[in-house]
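Since the structure of chain S is already known, use the hints to place chain L on it.
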Amino acid sequence: DVKVTQSSRYLVKRTGEKVFLECVQDMDHENMFWYRQDPGLGLRLIYFSYDVKMKEKGDIPEGYSVSREKKERFSLILESASTNQTSMYLCASSFLSQGPQETQYFGPGTRLLVL
Amino acid sequence: AQSVTQPDIHITVSEGASLELRCNYSYGATPYLFWYVQSPGQGLQLLLKYFSGDTLVQGIKGFEAEFKRSQSSFNLRKPSVHWSDAAEYFCAVGEDSSYKLIFGSGTRLLVRP
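So the protein sequences, as listed, match chains S and L. Residue 50 in our numbering sits at position 50 of the first sequence, with consecutive numbering throughout. Residue 13 in our numbering sits at position 13 of the second sequence, with consecutive numbering throughout.
Same shape as in the complex, but just chain S (with noise of 0.2 angstroms):
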């Protein structure tokens, strides 16, 4: 069974802090996305990577930044967390060769308040 973990499902943190989000797969996944869940907006996507070191804008990037150093992790960086940024962080991850109609394979998502 495919397994993306993320490391905190709470997280209560202060405006201004730096904030880290750390996600996790074992299925050996070229790509790993960050999205943001609110209610009535779905999901939306952060950034993506589809390999070590590289990353690319997804529809609202503004605020964070990711680091991809090992294939199988994947961080979100909130620089300053502000009070908008409190939401539902989810990660996910798929294979590279299919393209669009692989599978994505999501974490069970880290609760973030920023106070």
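None of these hints come from the bench; they were simulated from the model. Take these hints with a grain of salt, some might be off.
To be verified - Residues from chain L that face chain S, not an exhaustive set, calculated with beta carbons under 7 angstroms:
#, residue
1, Tyr32
2, Leu56
3, Phe103
4, Gly106
Every residue gets a Cβ at the ideal spot worked out from N, C-alpha and C, and that includes glycine.
Frame of chain S, contents of chain L only:
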């Protein structure tokens, strides 16, 4: 730009009743279409997907979906709902030239005993 619309925010059905969740997409070419389910406190799990071939697609947990190009729809169906189907359901469309998925806003399914 591509978009996905799930017109129903909430749907309530009785256990044992049939279910249809609606999904409409906007995309010029043949889309890659997905249905995912998110149970409470969980990540998303793929139910089924369509990218070519037979327009009626079978998925896990007894779900199926039908691609109708003329209506730009990909509705999810189940003939008899179980209490464990209570969850949030997301329709998504894949972009042809990238790995991005565009998600709808979701439909929350409630199941009455």
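Hint check:
The restraint placing Tyr32 (chain L) at the interface with chain S holds, with a minimum CB-CB distance near 5 angstroms, inside the 7 angstroms limit. Look at Leu56 (chain L): its Cβ only gets to about 17 angstroms from chain S, farther than 7 angstroms, so that hint breaks. Interface restraint check for Phe103 (chain L): the shortest CB-CB distance to chain S comes to about 4 angstroms, inside 7 angstroms, so the restraint holds. The interface hint given for Gly106 (chain L) is met, as the beta carbon of that residue sits about 5 angstroms from the closest beta carbon of chain S, less than 7 angstroms.
In terms of the numbered hints stated before, the structure departs from hint 2 and from no other.
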